[in-house]
Amino acid sequence: MGTGSTRVVVAMSGGVDSSAAAGLLVERGYDVIGLMMRLWTEDDGCGGRHNRCCTPDQMADARRVADRLGIPFYVVDMRATFKASVVDPFIDAYAAGLTPNPCLNCNRHIRFGALLKQAQAMDAAYLATGHYARIRQSEDGAYQLLKGLDPAKDQSYVLSVMTQRQLAQVLFPAGDYTKEHIRQIAADLGLHIARKPESQDLCFLADGDYRGFLARHAPGSATPGPIVNTQGERLGTHTGLPHYTVGQRKGLGLSAPTPLYVVGADVAANTLIVGARDVLGRDALVARHVNWVAGAPPDGPVRAGVKIRYRARETAATVTPDGATTARVKFDAPLRDITPGQAAVFYQGDVCLGGGVIARQPA
Amino acid sequence: MAGNGQSIYMDYAATTPVDPRVVEAMMPYFTERFGNPSSIHTFGREASRAVQAARETVAGILNCKPGEIVFTSCGTESDNLALRGATLENGRRHIVTSPVEHHAVSRTAEILHAHLGYGLTVVPVDAYGMVDPADVADALRDDTALVSIMYANNEVGTIQPIAEIAAVAHARGARFHTDAVQAAGQLPLDVAALGVDMLAISAHKFYGPKGVGALYVREGVRLVPSQSGGGQEGGRRGGTTNVALIVGLAKALEIAYAEREAHVARYRQLRDRLIEGVRARVPDAQLTGHPEQRLPNSASFALRGVDGNALLMHLDLKGIAASSGSACLVGTPEPSEVLMAMGLPPAWALGGLRLTVGRHTTDAEVDAVLDVLSDAVARVRALAAA
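Chains as they are written, first to last, in the numbering used here: chain A, 5 to 367; chain B, 2 to 387.
If you're looking for bench data, these hints aren't it; they were derived computationally from the structure.
Mixed in with the good hints there might be a few duds.
What the hints assert, rightly or not - Short, incomplete list of chain A residues facing chain B, as computed with Cβ under 8 Å:
1) Pro76
2) Tyr78
3) Leu120
4) Lys121
5) Ala125
6) Val232
7) Thr234
8) Glu237
To be verified - In silico SDA-like cross-links for lysine to any residue, where the CA-CA straight-line distance does not exceed 20 Å:
9) A:Lys121 x B:Ala386
10) A:Lys87 x B:Ala386
11) A:Lys157 x A:Val355
Each residue gets a CB set at the ideal place from its N, CA and C atoms; glycine is no exception.
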């Protein structure tokens, strides 16, 4: 790489998306450095139980890709920061009766926080990741966050926490391609991970088992208690509030003439509330800790498509800002699975306007 | 290499390039002289002669008998053979070692302690990482089988008073082993003068190949082999004799000790230039290890508030190969056990930096490292503070 080329740090995971992203940047002539974050280790004392991310195998894969691409590769330890800013809040949220999405916190504090700082300290102009999303600079200089080109892989939901400052310093090379195209690019570059399967589990959970994780790290966060209906009549016993999510029907251990769904919880009373399908529907939510990608809320109510989970479909709604970090969302039609703790993310077409955390609803 | 394309190797304590004369000496034993020294026939005898010549060369430098040299696969194997072999053979049930040993010694001692019930005493070190022979004397018991203290420390370069410690051990009837892996090539290896019963070396530290080491075992010291098998190496180490690498070890050791004085004088000069430069230009850096009793090629420092691994990454981006001094897992910042044993607080013990010079190091390289280092340290500190 020539001395004059622009330096980019790529966050590498050993997977196909970040590997192809690194390859694309090398092809475009950037001075590329691969970094892998060591985020979490859970040891059973004999080298057993590994989380999905930053295992020795993932590290070896990323290293092999970096060698193939001829770029330097380093592992940076971020375990302390990750625990404090992602894992602890994840545990706390469950304990508070919420269903958190830790990926947003991780992007906010780790990837586009601590790692971006690392990249800058290494004189990099940009930090790149393998996310399926796009960044566009409009004529007035402002940055927009766009959905990835591949609608099936779009990851803008977990990037809705990004600020103008971060967008100015980040590249998403994979966002302009479909997943299949990215695999082809990886194959064409001779990367051995081109056909590696992907996992949807949370990266720090072994086997995606969040119940086991909570039992190990927050013993006492799951205490059995009563299951009641919306009239307050006791119907059964739950195994611990963190084990349930709004809209859940299976696994309640109840027999009733009509199907019953989880509709909420009274955390203070450690009580799970269930009800019939028609009780479940709600057509409004309040989002807090809202990030507006543009840097400020819109002047008044806006029409938007709103996603209430990573893999949910967009639902038409009116989003009304209430101060800088709160928004009230009124859906055109009721939804059955509005889940406190998950993110509500607002879109206009391909443009991600921002999003916030769904607040607990008044009982 | 990123950056301006320079590439400076300052990690000769990790390993060294093989001397071309050593490569040349080994080559025939990979191809035309491929015989197995255990065979009766001409091919076998030819290989056997080469191994015997190598044994005599090594014995000449160590001032011992050829039969007292056991060839192994590396320094770690030599240490394992010394610790396991000498304690298992012995009726005594106690081991004495130090907190600054290489893991090849410390982990092996811990396994003997945890799984086979041997008593284990770890004597303290002072702020320079030095063992006091009087502490060893206090630790000795009537049933002490073995004392194992390294000759020179790999992380901070401190040279231990081996001869005195050996005498103390012998006074109570205990065996004395020293891990001389880091010392070999730079310090005298005269086992009679040192008074040791066992001494471990590894070829790749003195411009020989990786994959071969040796253990000196004083005549009369019985060993249970830690790798049992055929009768090779006098029954003390089973496994087909690695002729080419053994020839390489002997040749490398021969060259290292023929040229030692000249090299060592040059190393000292380069090392002191590094130490003075770091003192003058890097704030909150302190020399670790003994100021005088230290390896000629080793400059090691503790840097307050610096993650040693992050620093190494920044140096590598500038084309400089250095070490944090510990054999830690990549990307895992744990405070150095050696620096902690020397009483450094964790804020300093995370920031180990070891710069080790060698035959190919130049003054210009030392200056280039010093030019880059203060900036790299400032960046890593700024990142930690952010």
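Chain B contact restraint on Tyr78 of chain A - CB to CB distance below 8 Å: 4 Å, holds
Pairwise hint evaluation, Ala386 of chain B against Lys87 of chain A, where the allowed Cα distance is 20 Å at most: The hint holds at about 18 Å.
Interface hint status, Val232 of chain A versus chain B (Cβ within 8 Å): 48 Å, violated
Cut-off 8 Å, beta-carbon criterion: hint that Thr234 of chain A touches chain B: Nearest chain B Cβ about 50 Å off; hint violated.
Leu120 of chain A as an interface hint toward chain B, with CB separation required under 8 Å: 11 Å, violated
Restraint check, 8 Å cut-off on beta carbons, for Pro76 of chain A near chain B: 6 Å, holds
Chain B contact restraint on Ala125 of chain A - CB to CB distance below 8 Å: For Ala125 of chain A, the interface hint holds, since the closest Cβ of chain B sits about 5 Å away, which is under 8 Å.
Holds or violated: Lys157 of chain A to Val355 of chain A, with C-alpha atoms at most 20 Å apart: At roughly 15 Å apart (the allowed maximum being 20 Å), Val355 of chain A and Lys157 of chain A satisfy the hint.
Minimum beta-carbon distance criterion (8 Å), Glu237 of chain A to chain B: For Glu237 of chain A, the interface hint is violated, since the closest Cβ of chain B sits about 54 Å away, which is over 8 Å.
Hint status (Cβ of Lys121 of chain A to nearest Cβ of chain B, threshold 8 Å): Holds - the Cβ of Lys121 of chain A comes within 8 Å of chain B, reaching about 5 Å at its closest.
Lys121 of chain A paired with Ala386 of chain B [C-alpha distance capped at 20 Å]: 11 Å, holds
Violated hints, in rising order: 3, 6, 7, 8; the structure is consistent with all others.
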